[in-house]
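Asks: Chain by chain, the residues:
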Amino acid sequence: MATTSETKKAPSGFFAKVIHHSTEVESPASKIYVYEAPVRFWHWMNALCIVALVVTGYLIGKPLPSIGGEASDHFLFGNIRLIHFAAGQLLIVLLVYRIVWAFFGNEHSHQLFLPPFWSRKWWGEVWHEVRWYSFLEKTPKKYIGHNPLAQLAMFTVFLLPLLNLVATGGALYAEGEGIDSYWYMAFGWVFSVYGDSFNVHTVHRLSMWVIVCFTMIHTYLAIREDIMSRQSLVSTMISGWRYFKDDKE
Amino acid sequence: MASNESFYDVFRQQGISRRSFNKFCSITAASLGLGPAFAPRIAHAMETKRRTPVIWLNGLECTCCSESFIRSSHPLVSDMVLSMLSLDYSEVLMAAAGHQAEAALQETLRDNYGEYILAVEGNPPLNEDGMFCIVGGRPFLEQLQEMAAGAKAVIAWGSCASNGCVQAAKPNPTQATPIHKVIRDKPIIKIPGCPPIAEVMTGVVTYMLTFGEIPPLDRLGRPKMFYGQRIHDKCYRRPHFDAGQFAEAWDDENSRKGYCLYKMGCRGPTTYNACSTVRWNDGVSFPIQSGHGCIGCSEENFWDNGPFYERLAKINTPFFVESDADRIGLGAVAVVGTAIAAHTAASALQRARSNSNAAKSE
Amino acid sequence: MITETPNGFSLDDSGQRIVVDPVTRIEGHLRIEVNIDENNVIRNAVSTGTMWRGLEVILKGRDPRDAWAFTQRICGVCTGTHALTSVRTVEDALNIQIPENANTIRNIMQMALYTHDHLVHFYHLHALDWVDVVSSLSADPKATSELAQSISDWPKSSPGYFRDLQTRLKKFVESGQLGLFRNGYWGNPAYKLPPEANLMAVAHYLEALDFQKEIVKIHTVFGGKNPHPNWLVGGVPCPINVADTGAVGAINIERLNLVKRIIDESRQFVEQVYLPDLMAIASFYKDWTYGGGLSSTNVLSYGDIPDNANDYSAGNLLLPRGAIINGNLNEVHDVDLRNPEEIQEFVSHSWYNYPNQDAGLHPWDGVTDPHFELGPNTRGTRTNIESIDESARYSWIKSPRWNGNAMEVGPLARYIIGYASNNPEFKEPVEKVLTDLNLPVSALFSTLGRTAARGLECAWAAEKMQYFYNKLITNIRNGDLATANVSLWEPHTWPHEAKGVGFTEAPRGALGHWIHIKDKRIENYQAVVPTTWNAGPRDAQGNIGAYEAALLNTPVANAEQPLEILRTIHSFDPCLACSTH
Ligand code: HEM
Ligand code: HEM
Ligand code: NFV
Ligand code: SF4
Ligand code: SF4
Ligand code: F3S
Ligand SMILES: [Mg+2]
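Sequence order for the protein chains is A, B and C. Numbering-wise, this note's numbering comes out as the position in the first sequence, counting from 1, plus 36. Numbering-wise, this note's numbering comes out as the position in the second sequence, counting from 1, plus 412. Numbering-wise, this note's numbering comes out as the position in the third sequence, counting from 1, plus 734.
Treat the hints as calculated values from the structure; they're not laboratory data. Predicted model, so just to flag it, every value in this text is computed and none were measured. Hints should not be assumed to be uniformly reliable.
[To be verified] With a straight-line cut-off of 25 Å between C-alpha atoms, the simulated BS3-like cross-links for lysine-lysine are:
(1) B:LYS582 x C:LYS905
(2) C:LYS1254 x B:LYS675
(3) C:LYS1233 x B:LYS726
[Stated by the list, open to error] Chain A stretches covered by chain B per the calculated footprint, using a threshold of three residues with CB under 8 Å from any CB of chain B:
(4) 211-217
(5) 254-267
[To be verified] Here's a subset of chain C near chain B, in silico, CB distances under 7 Å, partners left out:
(6) GLY742
(7) THR784
(8) ARG787
(9) GLU834
(10) LEU862
(11) ARG916
(12) VAL955
(13) VAL1220
(14) LEU1222
Idealized CB from N, CA, C, for every residue including glycine.
Construct the complete structure from the given sequences, taking the supplied hints into account.
Replies: Dropping the structure here:
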């Protein structure tokens, strides 16, 4: 049990941090501190919000069978929407928090936001990961942070759809708040992008399905990698520490 | 001697006394943020003002905006055309025809340049050199642009003039075009709706006559006072919506009880209009009150957002014919789920094989 | 050059050409050109529909259940009739049976449309062809009052009432801002009414303007708004709940009372204002016998107003059905909208392309493919037409034909067919009018006959509202609340392919829609509309349509003010948005 992450010095300065992407490890220490607490906290809170948003969002578009009695005695649909709006607003706050943290956290904290699309090497590694998942590579490479394919996926099928959900969700929420509200000032422009409110609903819902698909694959791969690859994953997102299983000391 | 009929005359004709006229003027002064000293000036202006000339043009349309206009109860449309404004051109109602009618336009350009309101029902087609709509042997587009040049302000009546409406629905064979795309240098007040509510139409006009300015408009150029909220925001069935009580089929128990029409495709949540507040035809009803969901008739694109009876938009692309967001989404989920299952099996197999290899080599 | 048309008219385009464009006080954009001879008599007439939107093209690929909303936007003046035709068309294709109440409510709505549309047409679109507004300023209010009271019990008839109105009109005229009345043909010698009759008519012009908005509230109750109320394939969208919890959100007793009040007031207005005015005005124009056109030879009606639900056979329709050919009133022919030989549309002189330009197409095989092109004898340019070349294509309207014949449709056609079928509801009022005015039956075939038939029909429609109102109440009292049949609502219950036809008698005449549904979508949709029948251009054989025929042989008092053209064209109540769609 020797070295920790201190042995690998992270470059300093924001720009350098950005350029310095997914760190492939040649001979890593067997245990490295990767995900700082704010990232982990955000990850699980965000996951929780999304689960709530998907369930309530689905029901907003396709409501449950009607209930009887006096309207004044029930607030079922109202509550479903309330949960959605609360979770949606929490998600926005968390997202802002996560973005801010990307400026202050370690090098893995901003991987999510800026995959190095300009790097040929990185694309080569994406390809290597694709081959690994297609059973064409015998051994996966080891990464301290996200593997390049995961990073690409997280950017394109998680972060972008999420930002779209926030924009369209915020716009829909702004309609309820009224066209003179701050919400409308912040999000009213979204209607011009998608044409009208009806289209915004459609786009919001379609984006939800993208996130659902991402979540399924993401969860599956996280568990699978934990079992099949040479590094820890699920526990990393819990404890922050990454273990490299086949490194014999 | 030609004595101009003024606002004061109008008030008198409608049986309003000098006292209430003065009161009206001071209230107006106050509501415009002017001191009481301004009341006499407003009174003077109203006593001497000529009736504002209005030129009403018709392009590609169905005339239901004119029809709606004459349904107005307050003010009565007879008072509007006799006492409040001077409807100097309206193909639907005017006595003159042919070149006598066209002369009225030329006279207005000559005598009232910069003074008249241009009200446009319908829109110009651009295909076939504009000859999908011909007036006086020439494309309507030319007439529209000529008359827009001298207008003080332009009103876009209805969804046709504001958004294109049904003739601009896919594939828009005539290239029917909302008027703001061909009139770019004038303030345009959009009054969408297919048609708009009568009292909204006359309300906008009387606002302009009374306060001498165009009403505050929203992001899309619609008067905030009538288009600032959605049908859904003021719908009287909203408690049923919040409770989760919906009509599930036409004429079922729930529709008879007046439950929310959301599941029947109601577009109230995405439609800006005054139907649920002003209501239609002197407040008698509005679509939802009479059991049919809103079809979103004041929204851009509403014709292409069908079918009107589904909450979720139909999505037709080369890949997804006859689909909607949920069908596409659930389809994707199924594909992903299957792929995961297959991948799990393959992974397990590979692992078993490499384990047994490892066992052999030991 | 003089041409004889196969349908018996003689055209001579050698005289002075007069152009009326825009024709006003109509729906939409219409251009009329005529040639007058040296005696100012019309010898050639050309009717050009000058707008097209392409609804039939736009409908392709859409959900058949939405079609009513699209087709309703064909016209906001006869609002509702296209929607009703459309839901019937889809129901016919999919074999959907509607509940009795739905049929009754639809009939009430259709009759409300008739009452409204005919009334507005008479006073606001047509009256100024007969009534000189300026002349009314010199009327004696007292004499006007006497005239009014001599013809009707309508209470608004005191001398003071007419005096106030006259003062208002005078001020209006003196203001120098004549508004709607600017540049009218005032003082034209063809105006025959005495000043008192003019003043009375102007008073009723304004009263009718204020009253018409009441009639349409019937649409508002059942369809949520007017213009353009809502409809439903399989029934009507308004549920009935007269007494149970939630009744306030449905058709309840308060709504029914509102409808009842409007029916009463409508009947009163038509009987005490419209009909007496019509008779009074007609009595001054008895010798103006022009404008018959096709009405004395070829008229067509599909029939409408099914008494019982789902039975569209002639015996169950309260408005008569049939065709009369060559003026033979002794034989009313059957009409079959499904027969590929009977109803066909031609485009030889229209701005459309057909696979075979001169052959007719039955609407189920109909094609709408626009193609704008002017003939070589056009005067002016492509975008500035001075006079049109009717030997080539000259209209956005197609030419519908029944067994090859050009036909007139509309209230007059319906009354002639009702008369010829010895239907007392139509024959007796016609006979009464003719006796009261001391006119022969042949007087029916004229501009005035058309205008009179519309008035009679307005009264008939108002009364039928009452009939169906009673029927609705009886049915509800018997416990039948059903308003919609949803068994075939979901597209998966539909056949792979289906064809249907639906029809109504629109206020302006016979209206049919034809649909072809394939894979739950509209494969083809064709509408053949009343004003298409009446205003359409010549066909390949050279037969002229109803507008062109009606204008022929009419003398024009002042060629600069072709009031007579307006009279006859207005008597058809043109709707150009309808005709071209
Ligand atoms: C992962 C993120 C989200 C998902 C999966 C999601 C999902 C959905 C879905 C499926 C709907 C129903 C759309 C329809 O069929 O009309 C919906 C509606 C809505 N969402 Fe979201 N949403 C998310 C984020 C947000 C956010 C951040 C907000 C902002 C506060 C928000 C606000 C709304 C609003 C206002 C509606 C409309 C509710 C209504 O019309 O009654 N959503 N959402
Ligand atoms: C709604 C559900 C979820 C979403 C949207 C989500 C999203 C994300 C995102 C965006 C990251 C990158 C974190 C960063 O760089 O800041 C991440 C990482 C991770 N997530 Fe999730 N997650 C979800 C659920 C889960 C679940 C259920 C698990 C475990 C079973 C899981 C395990 C992980 C792991 C192990 C990582 C680290 C991957 C690595 O080190 O490369 N996630 N997740
Ligand atoms: N259908 C229809 Fe029409 C026509 N033509 C009817 O009465 O007016 Ni717009
Ligand atoms: S907006 Fe609608 S109602 Fe108005 S003219 Fe256009 S189609 Fe007709
Ligand atoms: S009926 Fe329509 S507008 Fe009214 S509450 Fe329901 S969804 Fe909203
Ligand atoms: S359909 Fe139109 S009339 Fe009002 S309720 Fe909806 S905006
Ligand atoms: Mg057609």
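Asks: If you test the structure against every hint from before, which numbers come out violated?
Replies: The structure breaks hints 1, 6, 9, 14; every other hint is satisfied.
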